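Colleague: These protein sequence lines map, in sequence, to chains A and X.
Residue 105 in the UniProt record's numbering is what sits at position 105 of the first sequence, and the numbering runs on without skipping anything.
Residue 40 in the UniProt record's numbering is what sits at position 40 of the second sequence, and the numbering runs on without skipping anything.
It should be emphasised that the hints constitute simulated quantities derived from the structure, not laboratory data.
All of these numbers come straight from a predicted model, not from anything done at the bench.
Hints are not guaranteed to be accurate.
Which chain X residues face chain A? A few, computed with CB under 8 angstroms, are given here [said to hold, decoys possible]: (1) Ser42; (2) Glu44; (3) Phe45; (4) Phe62; (5) Tyr73; (6) Ser76; (7) Pro87; (8) Asp89; (9) Ala90; (10) Ser91; (11) Ala94; (12) Trp102; (13) His104; (14) Leu105.
Ideal Cβ positions, reconstructed from N, Cα and C, are used throughout, including at glycine.
Here is how the chains run, residue by residue.
Number of protein chains: 2
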Amino acid sequence: MKLKVYADRMSQPSRAILIFCKVNGIEIEEIHIELSKREHLSPEFQAINPLKKVPAIVDGRFKLFESHAILIYIASAFPGVANHWYPADASRKAKIHSVLDWHHLNLRRGTAGYVLNTVLAPLLGLPLNAQAAAEAEKVLVSSLSTIENIWLKGDGPFLLGSFRPSIADLSLVCEIMQLQLLDEKDHDRIIGPYKKVQQWIESTKNATKPHFDEVHNVLYKLKARLSAQQSSKADGQIKAGIKAPIFSKI
Amino acid sequence: MKLKVYADRMSQPSRAILIFCKVNGIEIEEIHIELSKREHLSPEFQAINPLKKVPAIVDGRFKLFESHAILIYIASAFPGVANHWYPADASRKAKIHSVLDWHHLNLRRGTAGYVLNTVLAPLLGLPLNAQAAAEAEKVLVSSLSTIENIWLKGDGPFLLGSFRPSIADLSLVCEIMQLQLLDEKDHDRIIGPYKKVQQWIESTKNATKPHFDEVHNVLYKLKARLSAQQSSKADGQIKAGIKAPIFSKI
Numbered sequence: 001m002k003l004k005v006y007a008d009r010m011s012q013p014s015r016a017i018l019i020f021c022k023v024n025g026i027e028i029e030e031i032h033i034e035l036s037k038r039e040h041l042s043p044e045f046q047a048i049n050p051l052k053k054v055p056a057i058v059d060g061r062f063k064l065f066e067s068h069a070i071l072i073y074i075a076s077a078f079p080g081v082a083n084h085w086y087p088a089d090a091s092r093k094a095k096i097h098s099v100l101d102w103h104h105l106n107l108r109r110g111t112a113g114y115v116l117n118t119v120l121a122p123l124l125g126l127p128l129n130a131q132a133a134a135e136a137e138k139v140l141v142s143s144l145s146t147i148e149n150i151w152l153k154g155d156g157p158f159l160l161g162s163f164r165p166s167i168a169d170l171s172l173v174c175e176i177m178q179l180q181l182l183d184e185k186d187h188d189r190i191i192g193p194y195k196k197v198q199q200w201i202e203s204t205k206n207a208t209k210p211h212f213d214e215v216h217n218v219l220y221k222l223k224a225r226l227s228a229q230q231s232s233k234a235d236g237q238i239k240a241g242i243k244a245p246i247f248s249k250i
Numbered sequence: 001m002k003l004k005v006y007a008d009r010m011s012q013p014s015r016a017i018l019i020f021c022k023v024n025g026i027e028i029e030e031i032h033i034e035l036s037k038r039e040h041l042s043p044e045f046q047a048i049n050p051l052k053k054v055p056a057i058v059d060g061r062f063k064l065f066e067s068h069a070i071l072i073y074i075a076s077a078f079p080g081v082a083n084h085w086y087p088a089d090a091s092r093k094a095k096i097h098s099v100l101d102w103h104h105l106n107l108r109r110g111t112a113g114y115v116l117n118t119v120l121a122p123l124l125g126l127p128l129n130a131q132a133a134a135e136a137e138k139v140l141v142s143s144l145s146t147i148e149n150i151w152l153k154g155d156g157p158f159l160l161g162s163f164r165p166s167i168a169d170l171s172l173v174c175e176i177m178q179l180q181l182l183d184e185k186d187h188d189r190i191i192g193p194y195k196k197v198q199q200w201i202e203s204t205k206n207a208t209k210p211h212f213d214e215v216h217n218v219l220y221k222l223k224a225r226l227s228a229q230q231s232s233k234a235d236g237q238i239k240a241g242i243k244a245p246i247f248s249k250i
């Protein structure tokens, strides 16, 4: 029986799971949970994940949610996943756990809060909150600086100075990709100063192609639609009519 | 060479590491990093943890930070840790990862934010922020409800219906213990409705005694001092003169 992955590709942790499975040749049944249609709130999906969030997996009778737990489980339980994704060595594994744990209250919190309060809120029928955006930006910028100066220290192009990517690279890069939804000026202002981060994103894309871009395609399409809206608007207000994606775990 | 644990017992993740080592008979050298004296900002400590937070460990030449990564490393690398703390079975391990991952943006975020903005801020020379407290309270209450209704579902007294505690029980209970610093009315209002949570805290204390109370003693002492201050104050303002603890990872 194939591994079932419940996902919405607009959700960054969903994308990480999907890319990971595809790169490692793990056959999956992808079950689309349309967040914008609130399918994650259905009783059927709550039977899979009582916390009502994507991604979630079902492996036989075993159900699991939280994307990092899922990545570790798949890397450990499925044969054929190359060691560099989640090394057997206790010390190397521990360092990867350290990055993954750090992620939640830093890069995740900053990115999700900033994108919500600068781009997504109007699409979700919520007011933009400038104060929340400013606070999230501080967390985001501090997180990018930590990645540039601490996590990317070392000889290799990946986190922890590695020469091959781990599940931490995939999780964090998929998160940063959400910044694609910002307007270009904003995006460049925030990411621009971090040259190693930019190089690392490219390295991770290359190491996981063609799956990386294929899974991100839905994000690229929304970005194109947002850019078109922005260039056509005259009054600075985002026009109605864009299909509203709702993001998990924000 | 003994495992070095850099900790301040006022920090809830520091306490989790210390109790875990003591319960499992792991000999450690506890190196006190006095957060209120900003010792975590010293160049010496930054050489241990460039993110300037406790807890951190040094095992021979290996350095590690982030408390969950540390708990997993110790449980995996040190002989004699009973299997229930971090089971070898991939499915059981995955469920524990799921709780640990959930923790960061839920119980941790809610508790740390609420305690900071109702009790600790004046002790740190910061203004109380009623809006931030209200937002944190929502996250905290929702997290307690999730623990009560989802994570504590099952036959056993511990998380995931287990009959013996795991590293997740220890991490989450140490976090909740920080609520001891609230005034009694506030504490009872927040924790009162969650009977299973209260029973689980007692079960975790019992499973780790006498180390649990011994490591929490510094918290109990501060609580007593805060209570004395509260009962002697007339104007509702916290008087000066309490030694100001600074908490990590807030």
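Colleague: Hints first: check each against the structure and report whether it holds.
Modeller: Status of each hint after checking the structure:
Hint status for Ser42(X) relative to chain A: violated, with the closest Cβ pair at about 17 angstroms, above 8 angstroms. A cut of 8 angstroms between beta carbons decides the hint on Glu44(X): the least distance to chain A is about 17 angstroms, and the hint is violated. Violation of the interface hint for Phe45(X) is found here, the shortest Cβ-Cβ separation to chain A being roughly 15 angstroms, above the 8 angstroms cut-off. Of the supplied interface hints, the one on Phe62(X) holds, with its beta-carbon coming within about 5 angstroms of a beta-carbon of chain A, less than 8 angstroms.
A distance limit of 8 angstroms between C-beta atoms decides the matter here; for Tyr73(X) the minimum to chain A is near 4 angstroms, and the interface restraint holds. The interface hint given for Ser76(X) holds, since its Cβ lies 5 angstroms from the closest Cβ of chain A, which is under the 8 angstroms cut-off. The criterion of a C-beta within 8 angstroms of any C-beta in chain A is not met by Pro87(X), whose closest approach is roughly 12 angstroms, and the hint is violated. Proximity of Asp89(X) to chain A is violated relative to the hint, the smallest CB-CB distance being about 10 angstroms (cut-off 8 angstroms).
Taking 8 angstroms as the C-beta cut-off, the interface hint given for Ala90(X) holds, the closest approach to chain A being about 5 angstroms. Restraint check, Ser91(X) versus chain A: the minimum CB separation of about 5 angstroms is within 8 angstroms; hint holds. Interface restraint check: Ala94(X) against chain A, minimum CB-CB distance 4 angstroms, threshold 8 angstroms, status holds. The beta carbon of Trp102(X) comes within 6 angstroms of a beta carbon in chain A, closer than 8 angstroms, and the hint placing it at the interface holds.
Of the supplied interface hints, the one on His104(X) holds, with its beta-carbon coming within about 3 angstroms of a beta-carbon of chain A, less than 8 angstroms. The interface hint given for Leu105(X) is met, as the beta carbon of that residue sits about 5 angstroms from the closest beta carbon of chain A, less than 8 angstroms.
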